[in-house]
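J.: Sequence:
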Amino acid sequence: MTSANIRSHPADPDTRSFAQQKRAEKRAAAEEIGIDAAFIDRLVEAFYAKIREDDLLGPIFAERIADWSPHLGRMKGFWRSVLHNSGEFSGNPMLKHLAIPGLELRHFSRWLDLFYETLREAEGNPAATDLVGARARMIADSLLTATEMRRNGLAGGRAGKDLPHA
Numbered sequence: 001m002t003s004a005n006i007r008s009h010p011a012d013p014d015t016r017s018f019a020q021q022k023r024a025e026k027r028a029a030a031e032e033i034g035i036d037a038a039f040i041d042r043l044v045e046a047f048y049a050k051i052r053e054d055d056l057l058g059p060i061f062a063e064r065i066a067d068w069s070p071h072l073g074r075m076k077g078f079w080r081s082v083l084h085n086s087g088e089f090s091g092n093p094m095l096k097h098l099a100i101p102g103l104e105l106r107h108f109s110r111w112l113d114l115f116y117e118t119l120r121e122a123e124g125n126p127a128a129t130d131l132v133g134a135r136a137r138m139i140a141d142s143l144l145t146a147t148e149m150r151r152n153g154l155a156g157g158r159a160g161k162d163l164p165h166a
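Residues 1 to 166 in the numbering used here are what the sequence shown spells out, letter by letter.
Note that these hints are calculated values from the structure, not bench results.
Note that this is a predicted model, so its numbers are computed, not measured.
Hints may be right or wrong, so weigh each one.
Across the chosen pairs, the derived CB separations fall in these ranges [claimed, not checked]:
no., residue 1, residue 2, range
1, Gly102, Asp14, 23 to 33 Å
2, Asn92, Lys161, 19 to 29 Å
3, Leu98, Arg158, 16 to 26 Å
4, Glu123, Leu98, 24 to 34 Å
5, Arg158, Pro70, 27 to 37 Å
6, Ala24, Leu105, 12 to 22 Å
7, Asp162, Ser81, 19 to 29 Å
8, Ala62, Glu31, 30 to 40 Å
9, Lys26, Gly124, 30 to 40 Å
10, Pro13, Glu63, 16 to 26 Å
Think of the CB as a built atom: it goes at the ideal place given N, C-alpha and C, for glycine as much as any other residue.
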């Protein structure tokens, strides 16, 4: 038997069924601790309201976003994909961030500080705060590390080690 015979084809109904089941389980687990679509909507709205007012990050976003409604919709879809494994987000946040000149640790740290502040204000369940905060830090770390590695090669590989934690 070859390895091709062992692996399921992505179009295989069993594979699709398994993926749908895992998505449903992840969403149910998140919703059980209060991370439902309404929570994600409120979090994204409140967070980006803070971003727009922030002296450091506000100008960066203002240069790139003229109409906030579509951006907020995409960010809500992004966070539902991250937290519910909804699969609804398509896009490449990495490329978007790599295209912004001058991003560095202080920008990602400020983004996380504002995110954590918003998350604590929205907290209903500490487990939700821990989960969402950990995912936000992982995303910031990934984006910062990619940015630094693009500039400095492998020397940028630990760029996110000093990012704040929730």
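J.: Does each hint hold? Answer for all of them.
T.: Against the structure, the hints:
For Gly102 and Asp14, the hinted distance range of 23 to 33 Å is not satisfied, since their beta carbons lie about 48 Å from each other. About 24 Å separates the C-beta atoms of Asn92 and Lys161, a value consistent with the hinted range of 19 to 29 Å. Between Leu98 and Arg158 the Cβ separation comes to about 18 Å, which falls inside the hinted range of 16 to 26 Å. For Glu123 paired with Leu98, a C-beta distance near 32 Å keeps the hint of 24 to 34 Å intact.
A hinted range of 27 to 37 Å holds for the C-beta pair Arg158 and Pro70, which are about 35 Å apart. Hint check: Ala24 to Leu105, Cβ distance near 38 Å, so the stated range 12 to 22 Å is violated. As the Cβ distance of Asp162 to Ser81 is approximately 27 Å, the hint placing it in 19 to 29 Å holds. About 34 Å separates the C-beta atoms of Ala62 and Glu31, a value consistent with the hinted range of 30 to 40 Å.
A hinted range of 30 to 40 Å for the beta carbons of Lys26 and Gly124 is inconsistent with their spacing of about 19 Å. Against the hinted window of 16 to 26 Å, the Cβ-Cβ separation of Pro13 and Glu63 comes to about 47 Å, which falls outside the hint.
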